[in-house]
Amino acid sequence: MLSRVADALYWMARYLERGEHTARLVAVKLESMVEQTREDADASWHRVVEAVSGEEFAPRAHDAFSITQALAFNRHNPSSLISSLRFARDNARQVREHLSTEVWEHLNKLYLRLQPVTADAVWRHSPERVFREALEDFHTLHGVILSTLTHNEGYHFLRLGRYIERAQLISHLLDLHFNSRPGAVSPRYFDWLVLLKFCCAFEPYSRAYTASIRPEKIAQFLIFDPEFPHSVRFAVDQVVDSLSRVAPAAPPARRANVERLAGRLKAAVDFGQVEDLMGGTIVGFLADITRQCEQIHDAVHVSYISYGAETVL
Amino acid sequence: MQHEALAHTEDFGGPDQHLPSHPCVPGKDAPYQHYALGAPYDEMFTRGGAVHPHYAALDGRLTTLPADELLRRQQACEQTFLHQGITFTVYSDNQATERIIPTDLLPRIVTGNEWARIEAGLKQRITALNLFLRDIYGDARVLRDGVVPRSMIYGSKHYRREMRDLAVPHGAYVNVCGSDLIRNEQGDFVVLEDNLRVPSGVSYMLANREVVRRAFPAVFRSMSVRAIEHYPNELLNTLRSLAPFHEEASIAVLTPGVFNSAYFEHAFLARQMGVELVEGRDLLVNDNVVYTRTTSGLKRIDVIYRRIDDDFIDPLIFREDSSLGVPGLFNAYRAGNVTLANALGTGVADDKAVYAYVPRLIRYYLSEEPILNNVETFLCREEKSLSHVLANLDKLVVKAVGESGGYGMLVGPHASQKERDEFAQKLKADPDNYIAQPTIQLSTAPTFVDGGVEARHVDLRPFILHGQQTTIVPGALTRVALKRGSLVVNSSQGGGSKDTWVLSE
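As they're listed, the protein sequences go chains A and B.
Counting in this note's numbering, the first sequence tops out at residue 314, every number present.
Counting in this note's numbering, the second sequence tops out at residue 598, every number present.
Same shape as in the complex, but just chain A:
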């Protein structure tokens, strides 16, 4: 498949994952803030802002409404929900021929539905509904991708983008909860509960470990669970599997570096255990996961997307 097409599919999936993450964080936060004290709510808003927005675009306002507006609909903020969707759509548009009509239409609908929302009465009265509905649309879109696209190389580039983004987003979110910043309010019981909800993990976690909320169990679940789709390990498995299926005819020399990096990352999450991380090394571990994801990203680009003629002729 054309390298440009593979690249656009990869980025489309990354941006969709990022948009879904933002929508979920904001929805969960809006729903849960009523049960928190003012101080706790501020601290946890701060974590949400850090999780989804760069320093430069972090909203200055303190009320939930303005923060939400900025995270979701600020077009100048490249990591806002609307920007992620716009970038996803731009990439999809470039390779529309490689998507099914259904995928294109659902993505388009999702993007268009969020356009006029700032002027909508629903947004004024119950903004969390806007995000819940957006989340439903995201979930539908993934179902449509799964069931209407041919599972060919392009599909595996989509999957690669989605899960490499997810591995990084979850690592970052965990870091914000386990890595106590000086002067910041430490997470309390309720924050750990919300963390699970940020990852759609509350119910699956309870089934595995009962509803007793314990940080090391949460780390165990969100990093090392092999079967939960929003765990780092699950995402890494998907990344590794996707990598084994893309660029099938690439010469071994160009595959080698990608495969080495993928194997190393897989080993880290397959053989790591939470007991080793609780002594304070979890922060370094999460940073290492993020760094390895970045290396894989770079290696894929160099090996399959942007290689020069001199490297193959």
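Be aware that a few hints might be false.
[To be verified] Okay, derived cross-link-like pairs now, SDA-like style, lysine to any residue, Cα gap no bigger than 25 Å in a straight line: (1) B/K250 <-> B/K392; (2) A/K110 <-> B/L175; (3) A/K110 <-> A/R130; (4) B/K392 <-> A/H152; (5) A/K110 <-> B/K392; (6) B/K216 <-> B/Y252; (7) B/K392 <-> A/S54.
[As the list claims (entries may be wrong)] Label-pair ranges, simulated between beta-carbon atoms: (8) A/T211 <-> B/Q172: 49 to 59 Å; (9) A/V35 <-> B/A160: 56 to 66 Å; (10) A/K110 <-> B/S354: 21 to 31 Å; (11) B/S584 <-> A/S307: 31 to 41 Å; (12) A/E98 <-> B/A260: 40 to 50 Å.
Keep in mind the hints are simulated off the structure, nothing from the lab.
Predicted model only: the values in this text are computed from it and were never measured.
Idealized CB from N, CA, C, for every residue including glycine.
Starting from the known structure of chain A, fit chain B onto it as the hints suggest.
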């Protein structure tokens, strides 16, 4: 779903139940109450208001269907286009809006005899034009013999010196041509323009057929309309025949990208042919060989159906600020390792001045009389024509040959005496630079407007394929000026398009 909704609305070829007792008269009876017959030739009605025999079946359907049913079918057509994404993009305020090109519900019908003449005329014309291009990029016999003035060719901004003495496969320079034909007041088809560079519109020809056939299934079936669906396959065969080597050729469609207004067509043709759609950044040239960059490695390309203008094709040779093209592509082309379709430099043969010479070129190269005429054109560089033009400035349209888009143009009947006098001075000062034509009346065809059927001006753009053989799929894009009285058929200015039915007999 649209498909079914339409299919159930029409009987399947049985006799019509509600034939009107008397013929419906244009200008008087519904649905033709606003149908104006005038000086221009009309495709459906004779000057006396009788229906041409080949429009009888459509007339029968139009006069028996309730008006709201026609409207419903028109809306069904538009829905199909929107859903299939057959749209072009309009940019404003950084927001891209996708619009459909309006498709008229009513087909334009061409008889078998008319088509036979058009087909023969276009084959003759493209053969002569290709011989002409081979000549001016080779021995230049036509210039030495004084048939065409040297200055007109070597002074043309579309003449590419880089193409001199370059052999193109089968001597075929123009591989895809979309000629614009119009019908004059006598009802004869004449050529208005040869589009020899990167003509577009063929995807609309194919898409219109899809939707209009569904709107009138019984009429369609009763009329033995010739098929056009094989166009992509014929295009593929033509491109294959141009491959520089005999092994299975690797073919790609080269598009400027998703922001080009014809992108839909580029993607459509690539998909229909089953070949790769590429942009300039997908291609690279190494050692004069062209490759696409794929995830698995480089893949060699033999034939490129390029939908990018000459100027943008290779920044090393032509416009250096172009990022659409491929550095080194022209050298690979010169080396004979890749074929570009159309060849570069074909634009020299479709400018306004050369156009006037095409009938002479047909006689010169083929020793035949032109089957299809030009619109009457006066070359002001010829003294006799100049004096005629100067004497009849109030009746003629005068155009500067090097200009387009209405610049340097005088529309005699609409100009003031002062404007005409000023223009006459310009003409005398530089007669070589001007041609003149009578004001052109396009024929009219029935068009569905505001719930009724009215006459609107149309042209006809058939598509000619020329590789090892010449092939013309029996169909065309009919463009229609949707505004009453307008002669402008361009989609950017209120034009729409129609399905064109070419009959077997």
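For each hint, the structure was consulted:
no.: 1; hint: B/K250 <-> B/K392; verdict: 35 Å, violated
no.: 2; hint: A/K110 <-> B/L175; verdict: 14 Å, holds
no.: 3; hint: A/K110 <-> A/R130; verdict: 17 Å, holds
no.: 4; hint: B/K392 <-> A/H152; verdict: 23 Å, holds
no.: 5; hint: A/K110 <-> B/K392; verdict: 36 Å, violated
no.: 6; hint: B/K216 <-> B/Y252; verdict: 23 Å, holds
no.: 7; hint: B/K392 <-> A/S54; verdict: 41 Å, violated
no.: 8; hint: A/T211 <-> B/Q172: 49 to 59 Å; verdict: 54 Å, holds
no.: 9; hint: A/V35 <-> B/A160: 56 to 66 Å; verdict: 58 Å, holds
no.: 10; hint: A/K110 <-> B/S354: 21 to 31 Å; verdict: 24 Å, holds
no.: 11; hint: B/S584 <-> A/S307: 31 to 41 Å; verdict: 38 Å, holds
no.: 12; hint: A/E98 <-> B/A260: 40 to 50 Å; verdict: 34 Å, violated
The structure shown violates the earlier hints numbered 1, 5, 7 and 12.
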